[in-house]
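Protein chains: 2
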Amino acid sequence: MARELENSLLNQHKEKHFTAGEIVRDIIIGVSDGLTVPFALAAGLSGANASSAVILTAGVAEVAAGAISMGLGGYLAAKSEADHYMRELKREQEEIIAVPDTEAAEVAEILSEYGIQPHEYTPVVNALRKNPKAWLDFMMKFELGLEKPDPKRALQSALTIAIAYIVGGLVPLLPYFFIPTATKAVAASVVLTLMALLVFGYAKGHFTGNKPFRSALQTALIGAAASAAAFGMAKAVQG
Amino acid sequence: MARELENSLLNQHKEKHFTAGEIVRDIIIGVSDGLTVPFALAAGLSGANASSAVILTAGVAEVAAGAISMGLGGYLAAKSEADHYMRELKREQEEIIAVPDTEAAEVAEILSEYGIQPHEYTPVVNALRKNPKAWLDFMMKFELGLEKPDPKRALQSALTIAIAYIVGGLVPLLPYFFIPTATKAVAASVVLTLMALLVFGYAKGHFTGNKPFRSALQTALIGAAASAAAFGMAKAVQG
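Chains as they are written, first to last, in my numbering: chain A, 1 to 239; chain B, 1001 to 1239.
Check the hints yourself; a few may be wrong.
Stated by the list, open to error - Quick look at which bits of chain B chain A covers, simulated, 3 or more residues with Cβ under 8 Å:
(1) 1052-1063
(2) 1068-1074
(3) 1127-1136
(4) 1150-1163
(5) 1184-1190
(6) 1205-1219
The hints are simulated quantities; they were obtained by calculation from the structure and are not laboratory data. These numbers were taken from a predicted model, which means no experiment stands behind them. From the three backbone atoms N, C-alpha and C, an ideal C-beta is built for every residue, glycine too.
Please model the complete structure; the sequences and the hints are all you need to start from.
Put into structure tokens, the structure is as follows:
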């Protein structure tokens, strides 16, 4: 009971070190790109005198493509990381059985990097040798730096990023749904998206423990830079 | 001398565990999205009867916007991770000075998770207590799981991803530069991009240690899914 309380207190202490969970990270990834690229694409196309209809077609197509690319791509990447973990786990397990002296030397190497002397680390090495499961966990974490992936995470991450991208992407496109004249729609889109970028950038800074105002400005700046580039390239292709 | 050789052998042994460097990872990230989204956007727009000129304008604008979003976004994310590391380093340093008993208890906690008994880990804890620099490194790595970021990496990563995205994105757009009739250009784009996706997917599998043929098929499948979604959404908006 006391140990559980102690564990819980230590875990809470560790968690205070981290200010953004993995889901928040995925939302940030999705919304960051979703707010920026469709906005820039729409702004660039309006600069090239496209109609709201064309801009909407391109914008919605891009949001769909981007959501799938990021979502499905992220899902497969997470799955392949999980496969990688299992392969490394299997290899490490074989090494512990086949070449335990080499593995024990690796533990010694790891600990000696922290100025720990042989007479100090040898009891630890021997303790691990007698406990193959713990030894395996130790090697996975301290030699390879790999954490056991949660099987649910791949799908969860993919859906979060894809939905975040769609939500982010629809914000700059909304005006084009309602305002047929592209030049008017783009003005509304710029205002709407700029506000969204500043608010989102602020939230991003808050959740990642970075200065929120600076984060807001940086996020808006990326949006501005991306749309300037899109605008410039669209003009270059047209002219 | 013998120790350096031993270090070198152990490092090589560790490196064999990893089959993709960080630069390769950034190239994979950039080319994956670059091959997929501009291709899908162009295919979707051609399905909505846009001309090659419009498709090119949209495509090039999207590549510019995407490269900036990913590149600049990636750069700022890497910088903020570096800031996060420095903040955690500072906090950990303060804790080692202010509450050494709590920090020592954390080391004990970490080692006891591997079945190591107090009489076995206490010499290690005491050795760390006498060596504050090593203790700090130990806490950063084993409690927080943070690696010291290379200051060059942020810029290097951003440029790699942005350039990879541009190179990836130009592949499906090339036919539209030369073939004015969109329906003909899209056929060439599909063939060109499908080949590029398969080759790239194969290479990706090879470098990440995953089955290359399966990776090739998955990569092509994402491209197909993204363009189907873009095609469908473009038709939906048009009709």
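Checked hints:
1. 1052-1063: Since 9 is at least three, the answer is holds.
2. 1068-1074: As far as the region 1068-1074 of chain B goes, the hint holds, because 5 residues have Cβ atoms under 8 Å from chain A.
3. 1127-1136: Contact hint for the region 1127-1136 of chain B vs chain A: holds, 5 residues under 8 Å.
4. 1150-1163: Answer violated; 0 residues pass the 8 Å Cβ test.
5. 1184-1190: violated (count 0)
6. 1205-1219: Held - the region 1205-1219 of chain B has 5 residues with a Cβ nearer than 8 Å to chain A, which meets the minimum of three.
The structure is inconsistent with the numbered hints 4 and 5, although it conforms to all the rest.
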